[in-house]
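Undergrad: Residue numbers (the numbering used here), protein chains in the order written: chain A, 1 to 504; chain B, 505 to 844; chain C, 845 to 1201.
You may find that some hints are simply not true.
Unchecked claim - Okay, derived cross-link-like pairs now, EDC-like style, lysine to aspartate or glutamate, Cα gap no bigger than 20 Å in a straight line: (1) LYS332(A) with GLU1071(C); (2) LYS189(A) with ASP167(A); (3) LYS1074(C) with ASP361(A); (4) LYS323(A) with ASP419(A).
To be verified - Partial list, derived from the structure: chain B residues whose beta carbon lies under 7 Å from chain A: (5) GLY598; (6) GLY692; (7) TYR701; (8) THR703; (9) ALA710; (10) VAL717; (11) ARG720; (12) CYS721; (13) GLY722; (14) ASN724; (15) LYS726; (16) ARG781.
Said to hold, decoys possible - Here are some chain B residues pointing at chain A (derived, C-beta under 8 Å): (17) ALA696; (18) THR702; (19) ARG706; (20) TYR709; (21) GLY713; (22) SER714.
Rather than coming from a laboratory, the hints here were simulated on the basis of the structure. Backbone N, C-alpha and C fix where the C-beta goes; we use that ideal spot for every residue, glycine too.
The primary structure of each chain is shown beneath.
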Amino acid sequence: MADWELRAENIYKSFGGVKALDDVSLEIKQGEIVCLVGENGSGKSTMIKIISGVYSADKGELIINGHRYRNISPIESIRKGIQVIYQDFSLFPNLTVAENLAINDQISSGKKWVNWREYRRIAAEGLAEIHVSIDLDQLAGQMSTADRQLIAIAKAIMSEARIIIMDEPTTALTQKEIQALFSTIRHLKERGIAILFVSHKLTEVKEIAERTIIFRNGKKVLDRDSQGLDIKTMEYYMTGRELDSFWSASASKLKDKENILEVKDLSLAGEFSDISFQLKRGEILGITGLLGSGRGSLALSLFGVTPPNKGKIRIGGNEVSIKNIQSAIQHKIGYVPEDRIREGLFLDQSIEDNIVASTIDKLMNKLSLIRDHEKTGLSEDWIHRLNIKTPSGALPAKSLSGGNQQRVVLAKWLANNPDILILNGPTVGVDVGSKAEIHQLIQNLAEQGMGILLISDDIPELIYNCDRIILMRDGKISSEFERGKVNAEELNKAMIGNLMDGKE
Amino acid sequence: MVKNNMLKRIFETTEFVTFTIIVVLSVIIGSINPAFYSWGMLFDILRASIVFSIMAFGLLPVIISGGVDISFVAIAAMSSYATHMYLLRIGYEGGILLYYLIACSIGILAGLINGFLVTRFDLLIFNVSLAMYTMWYGFVRFFIGSERNHNLPAGVANFYSRFLLIVENQFTGVTGLHVSVLFVLGIGVTIALLLRYTTLGRGIYAMGGSRDVAIRCGFNIKTITFFVMMLMGGIASFAGVTFNLLSRFFDPTIFLGQELDVIAAIILGGASLSGGRGSVIGSFMGVIVIQMIHRALILTGIPVEWQDLMVGILLVFFISFPFIRDSFKKLTLKSSLQKP
Amino acid sequence: MKISKRKINKEGSTSMNLRIDRQTLLLLIIFFALVLGFGIFEDGFLTQRSIFSMAFQLPEIGLLSYAMMLPYLVGGINLSINASSNLSALIGAFFLLKFLPLLNLPDIPALQIGGVFVVAILVGIAAGLFNGILVGFINAPPILATLASMAFFTGISVGLTKGSTLTGFPQSISLISNTSVMGFPTPFLIFIGVTILLIILLNKSSFGFKLRLLGTNPVASQFTGIENKKIIMLYFVFSGILSAIAGILIMSRTMSASYQYGIRTYVLLTILINVLAGIAAGSGKVINVFITVFILQVISTGFHMLLIGMRGSSFFKDFVWGLLLIFIFIVNYFTRNKGTEKVELLGLFRKGKSMNE
């Protein structure tokens, strides 16, 4: 069999005047493990969609195994061996593993009747290919993310994939599951299947990639062997800026500030235990850890979503009990969620309504009616302050880009004038420019005396912004780092180090 | 070991819960009034369930595919009444076959219209069905006739009394197992086979499970939509004719307002309103349970005027059951997804 | 174009709504086209008598449509509105027939009318609380929960009356329906009044604001600090109150109360009206429901007059209503994308406020 090869030559793609891809060329050979890296808005998603036929390029060509394509259709791209694993893994949650695995074969063979025994045989074969054993009769919807991903990979192989494209595949995986995934990827390589692994997690990229391609602002800025490529260099190419390994945020004088938040022996069964820390006014405290470490649960607990079983919380020196979200808000805590689309925004409602969503009760007059002028005024004020790019506050929130949407969520909480702001993954899915602005904003807020908890797994972000960083593992605090005393590599090692305990 | 898993999975289905309810109810009713345990009672319940079961079987694929439709009752009424008035006009004296053929054809066409509107204009099945429900009931009563008609052709006049078996009993009088239960059996088995053993049938489940993934896998959503709509129309018409023949009259207002009862039976039988789940056997059990409850109320001697309230209370409990079960689960089970 | 009243409240700030909404425009065009059409082709249509009679029947359906609108705005439904409406009327009837006579008071119309309203509304509130608990606390899906509550309320009604219809109310009750103020029938004025209150409630109150957010995204609503459960209870309670008022109007017009009134037909009619008016989760305007109710009434009366004498003439309107809904769906399909741009452009020229009702 001749060696399979995918090439993209001089691809251009614009969306309404914005250049998503600007003269990009790349090639992927049989059995290569290539990582495509870039910040949000860099064009990596667009590239994937063009390769898989979802979008058509404005200019340029795809060459697959010598066949030239001006534009390729999704079905043609599948026939040529290009398989994309989507976020929903292309699985039917209400059908069994066996059926999910066998269904593509059933449809492509045009059969009208279903032979369940045949289904099982096909399914078992498919799983055997990736050396995995999963209960065939389980419903796909009841399985863990890792298992679902494995099935998606099995499906791809069964469809005779020559290249499998995975978009941020490790987002919901534990460390152990990530290693299992990498091992599967190496198996695939041995079978001559190429892997295009899209990710922004540089440490993982370093571990698995044979070749690293970096996109920035729609252009390919790096394309080389991964050997010898370090995180700092990757970060530089991704953002175009030198990233100091040490804190470059202004060191505010925190010595004399009092504690705005004190947490002692906080525990929530099954999530975290014996958590104790303090947060001073004007301090940015980072909380990080791997999936399963409890960092997200801790944030939700402090915000009243899942109140703790045990422990004490003091705010401004007074002991408080945070039973639900309303009481958290009453105690001047704000929470900017991880999944802003699901938890933070009302996409179909106006930007203005989104901004005042939490403070609406303060905008009433004596007749208990909304003071519209004040409402609009407040909204315009925040649009201006946070630099939200929109021609009008009346437009729906869904008309905004990711970075601007995040600003709207921030505005909503800032409008409440919180003393403590919990930020959970604030720059996920946000373009480079907005990311920097949001970081600047966070620092400004700290300078004005707000206490900030920054929950993130973005190591450069943590290092850049935090005065202190707490590392959690298995629901407990495992270490604490001070400003200036740790760099990106060290922090990352601390996160995934000591894994031999096998707890994850 | 694999068998244990299978059994465990069966226990967890709603169908099993409904089955348990049937068993428990039978025991309770029987102990209060042993007259319940009789062939007559069984046949009586079956007879009352015939028409509803057929309608449920026709609606089930629509629900599994993720949609909710209420127009099937209107289609049933319109097609059966129109067929009858037409056959009367041409002086038809023959048997039931022509009734079914014509009515079902009309029903399939009506379903075709639903399917067209849904796929062409990207509309919700429910919204289209709302319009068609209103339209068909108006159409049939204005353009065809609004009065109940008792003139049955000679060939069909005795259909209502064709029994497979006959039994006599002090509570139910003379009842029998009517031949139309064979219709239930036939249609039920056909739909069940369709859902389980054809690619199209699996496509219905796929569509209900995830529309996006179904499109990606290559299922033709439009074709499936047309199919379930036409199937629904045809089977609803079948049910309509059967009902009319059994009742010995044709009436353009049959089933008016009963669409929700059919939906309730399907849900009782394990289907989900959001699609992706449901079975023929479950829907049948759902219909049986409702009939059993009606009879149970009569047999237990609760005054007529309070029987509706009992049904209401039972429904409220049935609704609250998942909540009670889930709060119990939350206390005992740990979440399977690990959160950061 | 909708220009609402200028309101100058105590703080001195004014608020004026200026909105051009595609759906409202479409509905208004249909309404005026129908009125024109019937007015031309049917002599008796635009007489005072016919308008008058239309104005009598319409408020009941209008109020029930509002009762359905509230849950519809949250992507839900309330199938029990008719059942609770009848139950409210029946309890009100018991109040008049059994309770009041016990007090041995002379016939005071104010007491009778006021009392029956209070009683009915209390029943409506109770029904709303019942639904609110099922949906808000037990987390039952609204369609199933209100199906159950519909059966429950109907069951109570049947049990209390043994299925019979109650009559024999004091004459004063008929005053609610059979009087008019300044040429407008009282029920119609009640309907207008409720419409205005509802517009204020949904547009200018904290509840209305939160309701819309809840309908758009229940999860984000929770995270924003909105007490979802409280909003759910509230909208069901309002739904119950509106149903109760409708029930009293029906009772007054027919001078009877029964579990059967409108059973199995009214609920679907109100859903039809809401869908026609474009009410959906997170978006929808009271004025659209208002206009739609008029459209349906005009069609009903218009065709009734046109086809008078033909058998089954009252069924033609159902036929037309069904077709009308299809028509609106198709129009919306073709104007969908063009419409939104237009609205946004106009929004840019407005200084100050924007409102999504």
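Undergrad: Quick check: which numbered hints come out false for this structure?
TA: Going through the list in order, the structure violates hints 5, 6, 14, 15, 17 and respects the others.
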